[in-house]
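Residue numbers for the sequence shown follow our numbering, so the first one is 15 and each next one is one higher.
These aren't lab readings, by the way, just hints derived from the structure by calculation.
Here a beta-carbon is modelled for each residue, glycine too, at the ideal position from N, C-alpha and C.
Fair warning: there could be bad hints in the mix.
Said to hold, decoys possible - Derived pair list, reagent style DSSO-like, types lysine-lysine, alpha-carbon separation capped at 27 Å: (1) K53 / K80; (2) K80 / K61; (3) K53 / K89.
Claimed, not checked - Pairwise CB distance ranges (calculated): (4) A169 / A66: 26 to 32 Å; (5) P154 / E55: 25 to 31 Å; (6) D143 / Q34: 34 to 40 Å.
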Amino acid sequence: MLLGPPGAGKGTQAQIIAGQLGVPAISTGDIFRANVSGKTELGLAAKSYMDAGDLVPDEVTVAMVKDRLAEADAKAGFLLDGFPRTIAQAEQLRSSLHDLGHALDRVLELVVDEDELVRRLSTRWVEVDGQRVQREDDKPETVRHRLQVYREQTAPLSGFYDSEGLLARIDAIGTVDEVTERALGALGQDGAEGSEQPGGPTGQPSAG
15 MLLGPPGAGK GTQAQIIAGQ LGVPAISTGD IFRANVSGKT ELGLAAKSYM DAGDLVPDEV
75 TVAMVKDRLA EADAKAGFLL DGFPRTIAQA EQLRSSLHDL GHALDRVLEL VVDEDELVRR
135 LSTRWVEVDG QRVQREDDKP ETVRHRLQVY REQTAPLSGF YDSEGLLARI DAIGTVDEVT
195 ERALGALGQD GAEGSEQPGG PTGQPSAG
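Whenever a hint applies, use it, and build me the whole structure from the sequences.
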């Protein structure tokens with residue numbers, strides 16, 4: 015599983031690392047889109063909450079994730095990108111993985127200084143009608159609010175997984191290739207150096 019604040023590079027690293035390991039990269043965004051567009055029972059339930067402007071309950075989100083992890087391509091392993099987001103979700107995920115005969119092997123936390131995160135996100139631009147504009151959620155004041163929400167809701171997962179001996183903190187400053195090398199090193203992959211090794215038992219990175 016990849017853990018880290020907005021702008022840490024989770025999406026980029028998830029695709030690269032999953033490719034190196036030969037497992038699917040799974041994000042809740044992809045899962046939600048697939049369920050909603052496919053009009054599954056869970057997708058319709060989630061859409062009813064979203065249409066009402068309400069948060070989708072954890073049990074619906076975790077059920078979607080569990081269904082995705084039960085698919086054939088995830089049997090040999092998977093990499094979760096940005097999920098769980100809270101300790102409550104992490105506890106439900108652990109129960110779901112147990113039901114599927116899986117367990118997380120590693121949790122990689124991408125560590126980046128907050129000022130660098132603000133710089134990265136506030137310098138992103140998109141093109142609209144031929145003009146480069148900044149998205150509202152990428153403006154510096156909005157970015158700092160997003161980071162505050164992350165600190166309050168998701169950052170506690172670092173201690174949660176550290177206490178279970180699963181966490182490896184990865185310096186996410188540098189080139190994409192440098193960060194990938196550190197991450198693969200934490201997973202015990204040959205030819206990768208310069209990462210911080212997690213405590214606890216070793217194992218193949220087959221489930222996160």
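Hint check results:
1. Note on K53 and K80: the hinted pairing holds, with a Cα-Cα distance of about 17 Å set against a maximum of 27 Å.
2. With a C-alpha separation of about 18 Å, the suggested pairing of K80 with K61 holds against the 27 Å cut-off.
3. At roughly 24 Å between alpha-carbon atoms, K53 and K89 fall within 27 Å of each other, so this suggested pair holds.
4. Distance hint check: the CB atoms of A169 and A66 are about 29 Å apart, consistent with the given range 26 to 32 Å.
5. Checked against the hint of 25 to 31 Å, the pair P154 and E55 fails, with Cβ atoms roughly 41 Å apart.
6. Between D143 and Q34 the beta carbons are some 39 Å apart, a value that agrees with the proposed interval 34 to 40 Å.
Checked against the numbered hints given earlier, this structure breaks only hint 5.
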